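**Q** Those sequence lines, one after another, are chains P and D.
Each residue of the first sequence is one higher than the one before, counting from 1 in the working numbering.
Each residue of the second sequence is one higher than the one before, counting from 1 in the working numbering.
Incorrect hints may have been included.
Said to hold, decoys possible - Taking lysine-lysine and the DSS-like style, the derived pairs with C-alpha atoms no more than 30 angstroms apart in a straight line are:
id, chain 1, residue 1, chain 2, residue 2
1, P, K17, D, K236
2, P, K17, D, K160
3, P, K268, P, K295
4, D, K268, D, K160
5, P, K160, P, K268
6, D, K17, P, K236
7, P, K236, P, K295
8, P, K160, P, K236
9, P, K160, P, K17
10, P, K236, P, K268
11, P, K160, D, K268
12, D, K295, D, K236
Rather than coming from a laboratory, the hints here were simulated on the basis of the structure.
The structure displayed is predicted, hence computed values, not measured ones.
Okay, here's what each chain looks like letter by letter:
Protein chains: 2
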Amino acid sequence: MINAETIGSLGENESLKRTISRLNLATSALVGPGDDCAVISAPDGRFVVTTDTLIEGHDFRLDWSSAFDLGWKAVATNIADVAAMGAVPTSLVVAVAAPASTEIAWLEAFADGLRSACENLAPGCGVVGGDLASAEQIMISVTAHGDLQGREPVLRSGAKVGDIVAVAGTLGRAACGLALLASGNNDAINAYDDWVNVQRRPEPPIQAGVEAANAGATAMLDISDGLARDAARIAKASNVTIQINPSMLQGFEAVLELAGQAIEADPKTWVVGGGEDHSLLATFSPTATIPRNFKPIGTVIQAGDSAVLLGTQPLNELGWDSVRGA
Amino acid sequence: MINAETIGSLGENESLKRTISRLNLATSALVGPGDDCAVISAPDGRFVVTTDTLIEGHDFRLDWSSAFDLGWKAVATNIADVAAMGAVPTSLVVAVAAPASTEIAWLEAFADGLRSACENLAPGCGVVGGDLASAEQIMISVTAHGDLQGREPVLRSGAKVGDIVAVAGTLGRAACGLALLASGNNDAINAYDDWVNVQRRPEPPIQAGVEAANAGATAMLDISDGLARDAARIAKASNVTIQINPSMLQGFEAVLELAGQAIEADPKTWVVGGGEDHSLLATFSPTATIPRNFKPIGTVIQAGDSAVLLGTQPLNELGWDSVRGA
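The task is simple: from the sequences and hints, build the whole structure.
**A** As C-alpha cells, this is what we get:
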C-alpha cells in the first residue's frame, strides 16, 4: 500500500480520535474518553478491577490473529476475570503500544474488535479511556472494571469439602485451535476452524458469573492458564484438594477427537492444560441448585498431597506461565 | 552477577509474589491482589479512572532511570491525572512487560518505587493488582483510580472568559533534567541534579487538585505534554483562548537559567514546552479565592485564531507526542 496512513504519521491525538470514534459508549460512563480521567458510575459503592496484557510474539502472532481478533480477545480475557468475581463488566481502559509504522487501519480494526466483544459478550460495557504509545512490538494492556450489584464477591478461597466442582463454557478448544495453527496443516485448520476461532475470539460465558454468584458459588475463577493450574489455585487458596472425575471430561474431549487425530495430538492435554477458552470454574455447596450453564466435573475433598487429582492420580500443573512461556 | 534470579527463572507467580510483598496496601482495597479482581471501595458511588504507559527507549532509558525511579514515575504520572479531576487517588493496577532475563532485583526495586511514590504523594493509595509478561523491551502500563468525595469532576471544558489561569507545581524542570542527561555533560548533570531528579521522580502537587476543586476551579488538567500543548487542550475544550502573561513565567525560567547556560539551552523552551513535571493547570473565576499552591500565569479571553497566546504572540503547540516522539 502506498502512503498508507500510519499512527506515526497521524500522531497520538488524531490516531486516538479515529479509534475512539469507533467505540461504543459504556452505559456506566458519566464522563467518557477525552479528559484526564473518565468518571464511572459505581452504584454498589464498590467496584472490581483487573488487568491483563497481550504481547506480540508471546501471547499472539500477527499472522494468526487479525487486529479485530486481538481487540475482541483483549476484552474477552479481561471481562472473564470480572465475571469470575460474580460482577457485571462495566468499563475498560485500553493501552496500546505499537510501532509507529502501524497503519491506522489496523488500529481501527482493533477498535472494531473491542466494540464487538463488548456488544456481544457484555452489553453496556465499553472502553472509557486509552493510551497510545510507540514501541518495537505490539503490546495491549487492558484494565476492566465491574459492578457487583450488591452481591458479595466470589473469591478463590471459599471452596469447602463436599462442594461440587463445575465449569461453565468450553475446555481445550482454544488450545486445540492454537495447536492447529502451529501445525501449519491448512487442511486441518480449515476443517476445524471453529476451534481456531475460539483461540482467536474466545467467548467466555460472562453471564454465568452472575448466575454462579446468585446460586451461592463458594469459589470461582476464570480458567486462563488451564484447568489443572487454575483448579490448583482454588485448591490452594481454599486449603482443599479438587478431585476431577475423568469421565466428566469426556464430553469436552470428544468434540476435539477428530481435530486431534488430524494433527496427531491428544485432546486430553488440551482439555486439562489449555486455558484460553476463559471458561469459569466454580464450586457449589452440594445443596445448591447449580445453574444450567455449569457442568459438574468433580468434587472438593480434604487437602491431600496434591492440590488437584484426576481420578486418583495427582494432576501436574500443566499450563501456561506468561513469563516463562510454558 | 552469577546465577542472578530472573523473572524468567522464577516464573510469573513467584515473581509477582515477591513484588507484591513489597507494596503497601491501598486503604480502599476491600479485596487486594491475588484473586481474579481486586474489590475497591467507592463510597462516592462513582470513581475516576485513567491509564498511561511508559515504554523503554521512548519514554525512558534504563541508563538514565533506575527501577526505583520508574516505579515512582509510573505512579506520579498517573495520579496526577486523577488529581486533575479534583479526585483523591485510591488505587492502581500495574502491568509490566519485561525481558525474561530481567533480574528479580530490578522488579523488586521497581515495586519499592511504586510504594514510595504512593506513600509520599498520595498516602492511602496503593497497588491492588498487576500483571507480569515477557517482552523484548520494558513496558509499564498503569491504571489509576480516584474518589471524588462528592465533588463534581473538574473537566477541561469549563474555562470561561475572564477566568484566571494558574499553575500548581513547577514548569520546565523535568525538561531541563532531560536536556542535562541528553547533553552528556556530567559536570552540569551533577551541578543541577535537582532538575535531573524531577525528570526521574516527578512530584506532582496531588493535594492541589482537591484544593482547586474545592475553590471552584472551572477547568483543570495535568501538564503532561507541555504548557503550550496542554493549555491549548483546555482552550479548545472550552472554546476560549488562553493568554499567558510572559512576565508571570519569569520565576519558572529564572531557576533554570544557570543550568541553561551550562548546556547552552534556553530555559523558556523548557518552561513552555516541557511537560513531565506533571503540574496542574487550572482556571478560576476572577472572584474565586485561588488556593495558595496555585500561581496565576494568565487569563482566559474570547476564542481567537490561536488557542494559546504568549503575551500577544500565538504560541505554537510545542510539546511531546507519545507516538511521533516529538
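**Q** For every hint, state whether the structure bears it out.
**A** Here is how each hint holds up against the structure:
1. For the proposed pair K17/P and K236/D, the alpha carbon gap of about 15 angstroms is at most 30 angstroms, so the pair holds.
2. The straight-line distance between the Cα atoms of K17/P and K160/D is roughly 25 angstroms, inside the 30 angstroms bound, and the hint therefore holds.
3. For the suggested pair K268/P and K295/P, the alpha carbons sit about 17 angstroms apart, so the restraint of at most 30 angstroms is met.
4. Restraint check for K268/D and K160/D: the C-alpha separation of about 27 angstroms stays at or below 30 angstroms, so the hint holds.
5. Taken as a hint, the K160/P and K268/P pair is honoured in the structure, with Cα atoms around 27 angstroms apart against an allowance of 30 angstroms.
6. Straight-line distance between C-alpha atoms of K17/D and K236/P comes to about 15 angstroms, which keeps the hinted pair within the 30 angstroms bound.
7. For a cut-off of 30 angstroms, the pair hint linking K236/P to K295/P stands: about 22 angstroms separates their Cα positions.
8. For the proposed pair K160/P and K236/P, the alpha carbon gap of about 12 angstroms is at most 30 angstroms, so the pair holds.
9. Distance hint between K160/P and K17/P is unfulfilled; the C-alpha atoms sit about 50 angstroms from each other, more than 30 angstroms.
10. For the hint linking K236/P to K268/P, the alpha-carbon distance of about 23 angstroms falls within 30 angstroms, and the restraint holds.
11. The straight-line distance between the Cα atoms of K160/P and K268/D is roughly 66 angstroms, outside the 30 angstroms bound, and the hint therefore fails.
12. Between the alpha carbons of K295/D and K236/D the distance comes to roughly 22 angstroms, so the proposed pair stays at or under 30 angstroms and holds.
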